[in-house]
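K.L.:
Given chain A's structure and the hints, the job is docking chains B and C onto it.
Chain by chain, the residues:
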Amino acid sequence: MRNTELIDFLQSKLASSVTNISTPREKRVFAETTVDNLVAVATSLKEWGLYYLGTITGLDSGDKFEIIYHFYDDYGLIFNLKVFTPRDNPKVPTVTTVFPGVFLYERELMDLLGIDVEGTPPNRRYPLPDDWPAGQYPLRKDWKGLPSVEEVSK
Amino acid sequence: MSQIKIPIGPQHPALHEPESFNLILEGETIVDAEVKLGYNHRGIEKACESRNYIQDIYLIERVCGICSHSHSTCFVQAVEEIAGVEVPLRANYIRTIIGELERIHSHLLWLGVAGHEVGFETLFMYSWRDREIIMDILALISGNRVNYAINTIGGVRRDITSEEVAQILANLQTLTERTEFYLKLVNDEPTFMGRLFGVGKLSKDMAISMGAVGPMARGSGVSRDIRQDDPYGVYSQIGFKIVTDDHADVLGRVIVRVNELLESYRMLRVLAENLPEGPIAVKVPRKIPAGEAIARYEAPRGEDIHYVRSNGTEMPERVKVRAPTLANLASIREMLRGGYLADFPIVVAALDPCFSCTDRAIRLVDGKNDHVIDWRQLREYSIGWHKQRGVELSKIGC
Amino acid sequence: MLKKLVKWARVKSPWILHFNTGACNACDIEILAALTPRFDLERFGVQLKATPRHADVILCSGPVTKQAKDRLTRIYEQMPEPKFVVAVGTCAISGGVFDGCYNVEGGIDSTIPVAAYIPGCPASPEAIIDGVVKLLERIDQPEHFQEARPVYIGEGESK
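Residue numbers (the numbering used here), protein chains in the order written: chain A, 1081 to 1234; chain B, 38 to 435; chain C, 4 to 162.
Excised from the complex, chain A in its bound form:
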């Protein structure tokens, strides 16, 4: 099965960078890697055959941000790669050099969670409006709403 082929590839070629591999069911594989190894792992995965990056999910897990890259191929196999970055300095490199079409997903991470994606191509902000106040990141768990006018003027 494709699952086992992928797991063999990960364990043989990328054993140092990809850890914590699990397969909850057929056609789904989860694993983790670090921020520094992200672009290299993405390039090897694309060469192996996972040449679509479906979307990038950002989550707020308390003291760190978790970013999940969902790769898949033509046979229905989805590989979910998780990366962690600390909450007080969230940074992650861009993967648009490997997958050109994902700049909008990286813009979502920047706008809604405040994660700094280094190297993403210059573009307008998306999806929040242009006059949205800086420093307000709606998808963070501690964000309860825009500050009202009285609080801002205090």
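Since the hints were made in silico from the structure, they are not lab data.
Please note that the accuracy of each hint is not assured.
Think about it this way: if two alpha-carbon atoms lie no more than 30 Å apart in a straight line, the pair counts; the simulated DSSO-like pairs of lysine-lysine are [what the hints assert, rightly or not]:
1. B/Lys-42 - C/Lys-69
2. A/Lys-1126 - B/Lys-241
3. B/Lys-278 - A/Lys-1126
4. A/Lys-1221 - C/Lys-69
P.N.:
The following block gives chains B and C in isolation, referenced to the frame of chain A:
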């Protein structure tokens, strides 16, 4: 040659959701385009975290009015995978029937809009009249023309009676004849083809590297369809034939969509005749155990991805929705570049944009002339421009 | 005399503009479906216009998102008086299921004054036709003219 900036703003007639493009023109040719989105961003992903799963089904259904069943089924599939429940066979059949009915209504809607964009108003009226047949069936089964609310976690909420099945089968014959007429129109009618052929080119390699999905990719020869690659529901049991076309332009996308209509009619007939007996739902506890799952669904516009993470309570920890139009938007600059301004409306319409799916949550800049036009003016300009070159669609008799 | 003629023309053949302020599109498709052969609003003289400068009635759908708010106000100001605003769908009336979301202001009447409300999720084409016809009947009767809340600049001409 100096360049002109044309902002095409969020207000325009005939369907379309608000989005704004900024096009850079040199003379008549589009050199670059920038898309500004976000008008439809309503903060749904954040809102999902403060509602329980059953309320979330209601909310996720309203991400988009045209593909509402796609979003709700994808979400429910992800939650059922986390909870580890197996949906009964009859429920899967019912979900697939509604899914195919939704695909038919969405493609007929799109056909009408495409006709409207090139000036072929008769096609618009004809295909929307046929669409009403499907809306009647959907209203009969679920009680509403849109937003059917047929899904619940563990199955479906309503059953289909044998009279409703008979109604579906009786109407399929009429729809098949009319769609074959549209197919003949797309393949043989020179004026219609003249507007679509060679417009909005997207080569196969570009489609793969930009991550195009759905009929956009299939119209460029890329054979991707979730119903075949990662089958959900009952597609693995009823047999499904993928439809692709090699034209790699707007004509290819139209051919793909019309052929998909015929394929959907065939599948509906198989589904309706073979509906098994059995329960329609299993009971699932309100608190879903902690876990995560990702589900994919082939919506009429392409592939829809939902990622859900639960934390053991009644409310989800994170819901991420990736709608198909967002994946297709990256290709729009490539498609517009080198084309004429007059072809802009049909190229954007061929993408079948559904920005309400995209935003849930294009600037032509440069030059001394700042000229603001709206979509209707652009459409009329495009129809007039082609008329001068001999392509006149209002003279086609139907 | 001329005023009566103009009012008769406005009531018998209103030209409408449609704007979506961030909705899920279901109400917009139902508005378009009201123009197709099954329901056929055009037999009442209703025409869908593209530019605000030609329109008498604006059909708005959707909860007003922050990006769309300025555009909605600008379009409203571009319409010539007297103008009537119709809010189509539950989201346009009160924000609907999105009320309280961070990018949503609320119903249409948080931004511009509304003359008629058509509920439904989505509002079916029959309901849209019913709502528009009721609005036109209100305009037609002089004693209820003010209830339709048309907007005038300067001296009001209510008769």
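K.L.:
If a hint holds in the structure, say so; if it does not, say that too.
P.N.:
Now the hints, each set against the structure:
1. B/Lys-42 - C/Lys-69: holds (25 Å)
2. A/Lys-1126 - B/Lys-241: Satisfied, since the Cα-Cα distance of roughly 17 Å is no more than 30 Å.
3. B/Lys-278 - A/Lys-1126: Answer holds: B/Lys-278 to A/Lys-1126 is near 28 Å, not above 30 Å.
4. A/Lys-1221 - C/Lys-69: holds (22 Å)
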